[in-house]
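Chains A and B, in that order, are what the protein sequence lines are.
Just so you know, the first sequence maps onto residues 4 to 426 in the working numbering.
Just so you know, the second sequence maps onto residues 4 to 426 in the working numbering.
One thing to keep in mind: the hints can contain errors.
What the hints assert, rightly or not - With a Cα cut of at most 25 Å, we get these calculated DMTMM-like pairs of lysine to aspartate or glutamate: (1) B:K191 x A:E224; (2) A:K191 x B:D290; (3) A:K191 x B:E224; (4) B:K124 x B:E59; (5) A:K154 x B:E196; (6) B:K233 x A:E426; (7) B:K233 x B:E277; (8) A:K191 x B:D310; (9) A:K37 x A:E417; (10) B:K330 x B:E419; (11) A:K141 x B:E196; (12) A:K182 x B:D227; (13) B:K154 x A:E196; (14) B:K191 x A:D155; (15) B:K182 x A:D227; (16) A:K233 x B:E426; (17) A:K204 x B:E196; (18) A:K182 x B:E224; (19) B:K124 x B:D310; (20) A:K191 x B:D227; (21) B:K191 x A:D227; (22) B:K141 x A:E196; (23) A:K191 x B:E228; (24) B:K182 x A:E224; (25) B:K191 x A:D290; (26) A:K191 x B:D155; (27) A:K204 x B:E97; (28) B:K204 x A:E224; (29) A:K366 x A:E381; (30) A:K124 x A:D310; (31) B:K204 x B:E395; (32) B:K191 x A:E288; (33) B:K191 x A:E381; (34) B:K204 x A:D227.
As the list claims (entries may be wrong) - Part of the chain A face toward chain B, derived, beta carbon under 8 Å: (35) G168; (36) P186; (37) C348.
Source of the hints: derived by calculation from the structure; they are not laboratory data.
Glycine included, each C-beta is placed from N, C-alpha and C at the ideal position.
Protein chains: 2
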Amino acid sequence: MPHPNDPSLRSFIPVDPTSDFPIQNLPYGVFSSKDGLAPRVGVAIGDFVLDLWELEQDSRLGVGPLGIFAGPSLNPFMALGPKVWSQTRARISELLRHDHPELRDNDELRARALVPIRDAKLHLPIAVSGYTDFYSSKEHATNVGVMFRGKDNALQPNWLYMPIGYNGRASTVVVSGTKVRRPRGQLKPPNAEVPSFGPCKRLDFELEMGVVIGQPSAMGEMLDESRAEKMIFGFVLLNDWSARDIQQWEYVPLGPFQAKAFATSISPWIVTSEALEPFRVHGPEQDPVPLPYLQQTHPNNYDLTLDVSLRAAPVNEGQRICRTNFKYMYWSSVQQLVHHASSGCAMNVGDLLGSGTISGPEKSQRGSLLEISWNGTEPLDLPGGLKRTFLEDGDSLVMRGWCQGDGFRVGFGELEGTILPAE
Amino acid sequence: MPHPNDPSLRSFIPVDPTSDFPIQNLPYGVFSSKDGLAPRVGVAIGDFVLDLWELEQDSRLGVGPLGIFAGPSLNPFMALGPKVWSQTRARISELLRHDHPELRDNDELRARALVPIRDAKLHLPIAVSGYTDFYSSKEHATNVGVMFRGKDNALQPNWLYMPIGYNGRASTVVVSGTKVRRPRGQLKPPNAEVPSFGPCKRLDFELEMGVVIGQPSAMGEMLDESRAEKMIFGFVLLNDWSARDIQQWEYVPLGPFQAKAFATSISPWIVTSEALEPFRVHGPEQDPVPLPYLQQTHPNNYDLTLDVSLRAAPVNEGQRICRTNFKYMYWSSVQQLVHHASSGCAMNVGDLLGSGTISGPEKSQRGSLLEISWNGTEPLDLPGGLKRTFLEDGDSLVMRGWCQGDGFRVGFGELEGTILPAE
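Please model the complete structure; the sequences and the hints are all you need to start from.
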């Protein structure tokens, strides 16, 4: 049987070369349908969702206990471990191949198991156990540091020694398409004597990738590179919405809290580590050499193009405001996970790890408005003569990401969020 | 029917006046037994656990769907809301009263439903949805501030305007009795050029109370005082184990991460808000007056005595090292909860909010070794000629807390944790 990553594979379902969902991808998500299907697990292929619960009931998959795909999250499937992930993906690939008749020639099953994406409602694909956010792009950390502390003290002394991160709020992780209400909070502009409470005036996005943890580790246990790799089920696009003014006033000394707690959006599709395997690359050289527990021998970065466009209200036209690449990250997801567990912190199935804002070396590669508008001093020009420093009510932001194969793309679909006015 | 808080109530089960569990308390927990009972919900009364699942199967409680007490957490019961909490407590109180024959005179049911506490294994009482830790004792924040920034800049400028807090790690919240392994992490003593990785050398406890959230709020929604009060199911003792050396190196700029991620211990018994009602007191005067959303009209503090003792290895004798009171907290639990949701952050059933270290104005009221030993400069004298600045392997720490009624105590039992050496 050919490997599911084989570039020569084709599906009997027609897939455009610019589609994010060729047979080499097969990302997992949770969907329901207009005609009353309850949320269940599916896989994207071209313009369709393949309903895994239908296939399971038809005994086509042979995965774990019956009902593993019947529920509203991937967690039960992820808990089965990397061997099952791999076998299942191989089987789904086989079922979708143009030269495999089993599903292709079964009209009745095809009608039940293939739902047009446009008819599917996509849900949050995992029950988020814990959400952690890192800060691991050197370019992003440097930009922010230069803005607030000047060029000479841009990077904090600890930054080059460990993936700096903090615990975020899992209860407000939402799926693409969920509208985001402008938060209120305590604001204290530099010239104000005392803080006041009101709508955030410096609302921002952060372009990130999210790692989905599919296997647990025990309290008190440390991880190494190879164990950590096997715990990563896949990746999502992640928008770490940020209220810069709330953050500035609240974050000393215990870090961001309400400034990041109101919403974090992720893409509905989880692209598996296995599908991303062909696109692994080495990250930037790390100097100083990391401490032994953080050293890595595998190429743990990914050549993954990322793209942000902003549709500023009231104009309908979007404009690209950032084009960067996940490969620039200084600390890899594997290093982040190893560090996360280094104190003996237990990891759970369904944990979500944000990479931190992904900026690149060029100006066009900045992954937040804070950097793009240089803390509000360089407004961005948009269609219709509009300008933006931070997000305004009605603005809509779209993130996209993909790895370019030979004649196909392994992509994430779209991560969209629109800003509602404060209540 | 008398109110379950009535000081004149007595149970047919004999309860010593120094017991934490008189009929006026009725705290909830999760227990299993030696003879094979699976974890289920119970209530402490004197030296016994009342098995609510047995009572439920015997149709004695009439609470929600059957099986609400059959599982290993209080979350399904908490989700039913404050009216049901109150009705259930009243009914349990009735069943345990000395002048109510229903359970008292039913030998067969008593034999099934009353388990000696010494035969019960106590479990984590809730499934922790999210864990948040605050920093709301002015005395504690001032002590820490004086140590690290000097007397003139002790309190950060934001501290008097909001309950400062951060998201902690829910995956390592454990029940009393769980041994705590000394964490490893990156350490960089002031005189070291570069950090190294190894066992924490400045391991500490923090004496806190934990608030258990029993009702949810929606994303985008704000709370007010009275709504927040109704969402609080009850309180636990909480020990926020802290690795001071890891924290010092990692915490800028995003706050504590691995320094607090290895373990947080809570008491097995949740004392309900209702049982604590008679012990409510006003907190310290707040100056400046809080912003309107944080203002409170009710007495939201509690006159609750707290006590920490340390049994330093290898000596068997414990010694009290702190005696303080929850009433000193500058920001109340209600203010913390209101602030937590102020950006639109959704709260979930099973969220746990640590109060922050509870220190008082006196030296004997300091709630952490950091303060007691004044950052290691004033070692503590212990029995057997032992000295301590921070915790050593084999040391065991016990926290207790209670409200003193007229002839009875409404208490939390014991929160114990023993330090294991690093692996």
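Evaluation of the provided hints:
no., hint, result
1, B:K191 x A:E224, "holds, 22 Å"
2, A:K191 x B:D290, "holds, 18 Å"
3, A:K191 x B:E224, "holds, 22 Å"
4, B:K124 x B:E59, "holds, 20 Å"
5, A:K154 x B:E196, "holds, 22 Å"
6, B:K233 x A:E426, "holds, 23 Å"
7, B:K233 x B:E277, "holds, 10 Å"
8, A:K191 x B:D310, "violated, 39 Å"
9, A:K37 x A:E417, "holds, 21 Å"
10, B:K330 x B:E419, "holds, 22 Å"
11, A:K141 x B:E196, "holds, 21 Å"
12, A:K182 x B:D227, "holds, 24 Å"
13, B:K154 x A:E196, "holds, 22 Å"
14, B:K191 x A:D155, "holds, 21 Å"
15, B:K182 x A:D227, "holds, 24 Å"
16, A:K233 x B:E426, "holds, 23 Å"
17, A:K204 x B:E196, "violated, 41 Å"
18, A:K182 x B:E224, "holds, 14 Å"
19, B:K124 x B:D310, "holds, 24 Å"
20, A:K191 x B:D227, "holds, 22 Å"
21, B:K191 x A:D227, "holds, 22 Å"
22, B:K141 x A:E196, "holds, 21 Å"
23, A:K191 x B:E228, "holds, 24 Å"
24, B:K182 x A:E224, "holds, 14 Å"
25, B:K191 x A:D290, "holds, 18 Å"
26, A:K191 x B:D155, "holds, 21 Å"
27, A:K204 x B:E97, "violated, 55 Å"
28, B:K204 x A:E224, "holds, 19 Å"
29, A:K366 x A:E381, "holds, 12 Å"
30, A:K124 x A:D310, "holds, 24 Å"
31, B:K204 x B:E395, "holds, 9 Å"
32, B:K191 x A:E288, "holds, 23 Å"
33, B:K191 x A:E381, "violated, 39 Å"
34, B:K204 x A:D227, "holds, 23 Å"
35, G168, "holds, 6 Å"
36, P186, "holds, 4 Å"
37, C348, "holds, 4 Å"
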